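Colleague: One-letter residues, chain by chain:
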Amino acid sequence: MTTTKQQLATALAETGYVADEGLATALVLTEMLKRPLLLEGEAGVGKTEVAKALAKLENTDLIRLQCYEGLDRSDAIYEWNYQRQLLAIKAHEGSGETADAIEEAVFSEKYLLERPLLAAIRQDTAPVLLIDEIDRADEEFEAFLLEILSDYQVSIPELGTVGAKSIPRVVLTSNGTRELSDALRRRCLYHYVDYPAPDREARILLSRVEGLDAKLALQIAELIGNLRKEDLAKVPGVAETIDWASALIGLGGRNNLHDQRELVFETLACVLKTREDQARVTRDVTDRLLGKVA
Amino acid sequence: MAALVLETCDDIGAALRMRLAGFVRSLRDSGFKVGLAETNDALALLRSTLSSRPHELKGAFRALFCGRRSDWQAFDEIFDAYWFAKGLKGAIKSVGDSPKKGVKTIRELADASVQTTDGPAGDVERTAGEEEDEDSEAETDAKREGASIADNLGQTDFRKIHDPEAMERAHRLAERLAHSMRVRLTRRDRQKRKGPRLDLRRTIRHSISHGGTPIELIRKGPRERQLRLVVLLDASGSMNNYTGVFTRFVHGILDNFREAEAFLFHTRLVHVSSALSERDAARALDRMGLMAQGVGGGTKIGEAIAEFNRWHAARVIHSRTCVMILSDGYDTGDPQQLGAEMAALRRRCRRIVWLNPLIGWQGYEPTAGGMSAALPHVDLFAPAHNLDSLAALEPYLAKL
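Here the protein sequences come in this chain order: V and L.
Taking the working numbering, the leading residue of the first sequence gets 12, the next gets one more, and so forth.
Taking the working numbering, the leading residue of the second sequence gets -2, the next gets one more, and so forth.
Honestly, the hints are just simulated from the structure, not real lab data.
Careful: at least some of the hints might be erroneous.
Said to hold, decoys possible - Derived lysine-lysine pairs resembling DSS-like cross-links, with alpha carbons at most 30 Å apart:
#1 V:Lys240 with L:Lys55
#2 V:Lys240 with V:Lys284
#3 L:Lys30 with V:Lys45
#4 V:Lys63 with V:Lys240
#5 V:Lys176 with V:Lys67
#6 L:Lys55 with V:Lys63
What the hints assert, rightly or not - Computed footprint of chain V on chain L, listed as stretches where at least three residues anywhere in the stretch have a Cβ under 8 Å from a Cβ of chain V:
#7 16 to 29
#8 202 to 213
Since the structure is predicted, the reported quantities are computational estimates derived from the model, not experimental observations.
All C-beta atoms, glycine included, are put in the ideal place defined by N, C-alpha and C.
So that you can see chain V by itself, here it is in the shape it has in the complex (with noise of 0.2 Å):
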């Protein structure tokens, strides 16, 4: 191998993710046996963020399909220019020419509309493909962009089968709302992305946030790390860590934590999202939560 996940790993980190050692064994393999990656984690672990470290890292661009219930092949593939089409008909109307003739100028690549499935195999250097929340999507269209996974081709009827000028890197990612089929699991990699480290988290709210320290970006992490096993409803993910690490420092919080319990204490409150789990976190919750803090 001439790219190490060592060198994958620090290379990521300067573009500002901080990967663990598994992720970049994952992404390694992903380029080394051209399969797609699938990333599965509870709801802000930073899986979407993958996708963009990596087409940063590799300065392609990002191709993103946001899946949702509903989603079909015209929205995620390709569409016709209906309107467009429907002006040139009439344009050609009275011009003498054959229906086959206005069939053939209509059904052009002119008219045709690119959505991020055709666009990411149409690219002359491979993109990262991100299939944001592929759970979202129903089974249907799961099964059949299985198919396109594996060819990396799209058969247009009008037009014919349009090949990939380059495979793309292709990341998906999952919340486990609805269980995925064997046959996605298998075409792809397996990687669970679980919330960081302290150790980890605090390195990532490093590189995020300015004007923190080491040791206090430590305290944070550990803090999260602990509120995390609380009973929450909605558990905080690294996004909340950031905008929390963030509200502490522009509060003017700099000092240990420990020196400032009514500021952790009222900004906390900006990491809980829902009235069950800011009820429970009290003052004598958060009081115990940084007991546990070095």
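Based on the hints, put chain L in the right spot on chain V.
Modeller: Then chain L, alone, in the frame of chain V:
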């Protein structure tokens, strides 16, 4: 990143190939879905320089062979056990075995002294399949089908069926009823696809034959997703007389129903969908029995629902989900917890249907602590003591 090149050693030895094959086999034994393609890729990895660094190989194999979170969690132990011979702490489970001797299955428990002679389940399925082709006139008839064939069996309380033959007939009817319900519930969805949105793609396609004038407007409606059923079946001692029929009913609903999940609870919660996806009813019930060892104890409904909410709800519940709880509501746990967990469950799903066989009894009042705590969060509280009461549910489910 520079292109990755596989620096291959000439070939890996036959011994290593055998080891890899053995590893793949032990993964499959543990329920991993591993195909030939993965094995080939794994061979390629072994040939690459990775093999000189076993620690990295583990990470690479993990990404390659795992498909879901449970795989992810079990992988390290299986890997270490196989390659480093560290010994396996019960990580290898056998999947889909026939019941071991000495283990009581649900069927045995439900039937107690009654020896069932399970006929071929194929019969039941074929009948339901034929209905699919019938026109809508048959639909209205089919609703009462359970009762008309069953004569008075439809109204007999399940408790009072002791004759093995009648019991078997009741089982089959319950299953068949579920089948016909499933078929019709899905068909209703299909017929509703007339919607307000214009399907421009098709409209244009059609307009070509009229010289480009869109005479025929083609419309499309919102994509209807089927109703999803999540069944929570109480398998505690007090439900003994009903469990047999209910499991057949649940099996009938789940068999081939793409969007359904089943859980069984007594003192804990067991996910039984995979067992119930078995086509053959008898085998499904046996597998389920294995999964529900410990059946017959007291019920902690509150804890079971708490566990469901915490570990399964996010995955199995979406906005068109109906949760069906089959239980008599005798709870040995804390009623307050049950109330709170029911409220949490209510917020997630569309409907909660609670089927209680006791409602059919004369003079029954849901006053037991657990039941009265759960009741405010239930959308439909219905009897389920005989086949007619199960059949009567259908129009309600269809409205979801």
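Colleague: Against this structure, judge whether each hint is valid.
Modeller: These are the hints, each one checked on the structure:
Of the pairs offered as hints, the one joining Lys240 of chain V and Lys55 of chain L holds, with about 28 Å between alpha carbons and a cut-off of 30 Å not exceeded. As the CA atoms of Lys240 of chain V and Lys284 of chain V are separated by approximately 16 Å, the hinted pair is consistent with the 30 Å bound. For the given pair, Lys30 of chain L sits about 20 Å from Lys45 of chain V by alpha-carbon distance, which is consistent with the 30 Å threshold. The hinted pair formed by Lys63 of chain V and Lys240 of chain V meets the criterion: a straight-line CA distance of about 28 Å does not exceed 30 Å.
The straight-line distance between the Cα atoms of Lys176 of chain V and Lys67 of chain V is roughly 21 Å, inside the 30 Å bound, and the hint therefore holds. Taking the CA atoms of Lys55 of chain L and Lys63 of chain V, the gap is about 26 Å. The hint holds against a cut of 30 Å. Only residues whose beta carbon comes within less than 8 Å of a beta carbon in chain V count, and the segment 16 to 29 of chain L has 0; fewer than three means the coverage is violated. Interface restraint, the segment 202 to 213 of chain L with chain V: holds (5 residues with C-beta to C-beta distance below 8 Å; minimum three).
Hint compliance for this structure: hint 7 is the single one not met.
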